[in-house]
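Use these hints to put chain B onto chain A, whose structure you have.
Protein chains in written order, with this note's numbering: chain A, 1 to 424; chain B, 1 to 381.
Hints listed in this document are in silico derivations from the structure and should not be mistaken for laboratory results. Given the structure is predicted, the values throughout are model-derived calculations rather than measurements. Possibly wrong hints are sitting among the right ones.
Claimed, not checked - Pairwise CB distance ranges (calculated):
1. Phe-390/A x Glu-329/B: 42 to 48 Å
2. Lys-378/A x Glu-329/B: 46 to 52 Å
3. Arg-6/A x Gly-252/B: 23 to 29 Å
4. Gly-165/A x Gly-286/B: 30 to 36 Å
Virtual Cβ for every residue (Gly too), placed ideally from N, Cα, C.
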Amino acid sequence: MKLSRRQTIGVLFGLLGAYLVGFVATSLETADKALKFEPPKLGDTSQLSLVFNPPVAVTAIGTIFVLAGIATFFERRWERLARGALLLAALCFIPLVIVLALALSEASSTNVVQLLVESLRLGTPIALGAMAGLWCERSGVVNIGIEGMMLTAAGTGFMTYAVLGDASGAPILWLSVGVAVLSGGLIASLHALLCVTFRVDQIISGVVINLLALGLTGFIRSEVIVPTGVAIGTPTPDIALPGLSQLPILGDQLFTAQPIFFAMFVIVAVTSVVLFRTSFGLRVRSVGENPHAAETLGIDVIRIRYRAVIIGGLVAGLGGAWFSLEAQAGFEANMTNGTGFIALAALIFGKWRPSTAFAGAMLFGFTRALQSRLQILKVSLGDFAIPSEFWQSLPYVVTIIVVAGAVGRATAPAADGVPYERSR
Amino acid sequence: MKVPDPKRVGRAASASWRSQPALVPVAAIVLALAVGAVVILLVGDNPLEAYAALLRGMFGSPDRIAASLARSTPFIGTALAVAFAFRAGLFNIGAEGQILVGATLAAWVGTFSYLHDVPGILLIPIVMLAGAVGGGLWGAIPGVLKATSGAHEVIVTIMLNSIAVLYVRWLVSSNDPVVLQDTTASVPHTVPISNNARLPELFDSQPPLHTGFLVMLALCVVVWFILKRTTFGFEVKTVGANAHAARYAGMGVNRTIIAVMALSGAFAGLAGAGEVSGTVGFLSPGVFVGIGFDAIAIALLARANPFGIILTSFLWGSMLSGAGLMQQETGLSIDAVRIIQALVLLFVAADVIVRTIFRLRVDTTGGAMDTTQITSGWGST
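Excised from the complex, chain A in its bound form:
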């Protein structure tokens, strides 16, 4: 009997579940641990928290895995049930990792709301990168230069800040963010020029942009930024959203944050609406699926592709500004460190749709947040303290698993990567 893709995944879940119930749960210490939902407050001990027993929790999750595995076997009869069960099992990975980490650590509690908010925050540049890629690829232009676009924007953004002087206050900061966004658009127009006008292979153009960004920002750093003497500045300030920031539990942790973080949500929503609910979005998508048909209907393929790629570049530019003006005010060589590629993976994971790409970005944000959290928790297996390099590699490993598991069924825009030649 040949297993379908879903059944194969189901079997793996079933085996993992059995292992969890049979071996892991029995070998964990039984001391109670707690998940906290609020930051600790001085003189107030009434913290909202959830106390659990690690072996019980692991057994519960393991049972869900086993049941999901069984459900997939009968996917012919209960298709919706099988699909739902697999989704639930996949989502259970998040609590599983938190429970296991806490069980293997010396700490007795950890704040999960903070962890989730941190995931959103660290997922911000990934989500912006994914939206940038989405705009390009929906119009039929593959963009592996997101990394370079973000890096360039990060470099020029902080260069503006450093050259104009960090003492001058907020207007300079916003100007720097603006310069970062524009330089993202500028680099993207180079990508468009190469790919759309000169019909250069789109991956090669992306490589050129990444190489150029590395050289250019390194050059800017040593020739312009370092001589100004401004090594570190004041990043974008926290903004408390009126009303929402007064909410209990979430108000302080989620709705009081920095501007690019909030802008990211707006951009994801706007991307979603514009691409799928406006005539411009329809044109972009038609150009990405079948440019010749679009041209027949009077759509200017070249112009639409230019616009889409440049919009993508502007979004990537904001993502770059996050690195050098929001997460910190400063610029280091190659500070984007592969985020653009992870954004690309999030995009593929999200099957070229804004909402799911956003979800993918947040998954990677979660692995990044988890990585720093686990380093603090000092997780160890017996005497072997799990090295930080292992946690740092998690996002990459997850990316490979996700791409290998998900992309088989994902379909890119039909004309993605194909240079368009106007028919004569």
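For chain B alone, kept in the frame of chain A given last:
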């Protein structure tokens, strides 16, 4: 299902190579230097002085030339890795991870105590083989994933690069437990390999020119032979030209993809073993950073031609080697050379710009502009 575009780097490249011998790359270099000069002028330096210092750094003395050759040695192997994958329509961005894993395995095997007194004539091949196996295994992962699940090799190789960098850093610099680190050294690096495993030096430059360079030259011949004279090479090129036609003709497309990625990784791994054994005899974390993208640029400049790669690797390596002297003499950042290199690649890729400016004749065997199509989206095979 997508049909990979048959117009890719390789085939028409050989035709244009003969009819327009390297004119486009040369013109591209001239143009890149001109644009680079503008950038240098913008920060208030003298481009002519900078380029003079760069040239002296590249070829100013026998010592400098040997250093340039030494610097280009690992580029040959990694660029061959990229070029070989190109021929099968695969885009291997993972040369960095593959060279690193290969170098690590070579550095580890070279320290085995029971191999310590094995004579060099046996031990050197063993260490080189270890490097090839390490790189080959690391390269096979994206091949297997592509063949079985359709995962795009670009994403997988990039991720594997980061993973390799992190794990090798741990292996080389972990103190508790000590894995490969030489605990007597002040800067973390692996335990030096046996002296018998060291490749002989050819020229005592800085870095030393070692026999690994000759190994790389031989590798170019091997790759050329595989592609030109073997059935496997024919399969590789057919899969690259049109995977559907290849499948229809009864070729094992998935098997070829895995074999190509594994071999591709092995070439990079061999280069890594050569560097460990030829230069210092141990592995430091952080070497080979960014070499994967350099390799792509070099392979593209050579249009995936194994012999062209020797020339373009030398160009790339000598520029990086000369950049040090340029920085010493003029204070200009080494990154200026990086910008010029990116521009060279840009102008070679968008050769219509170069052809327009220098009024070069368009190659009638199929415009080179169209031949650089190697990708066709993210779909599975």
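Among the hints numbered above, which are violated by the structure, and what are their numbers in rising order? Violated hints: none; all satisfied.
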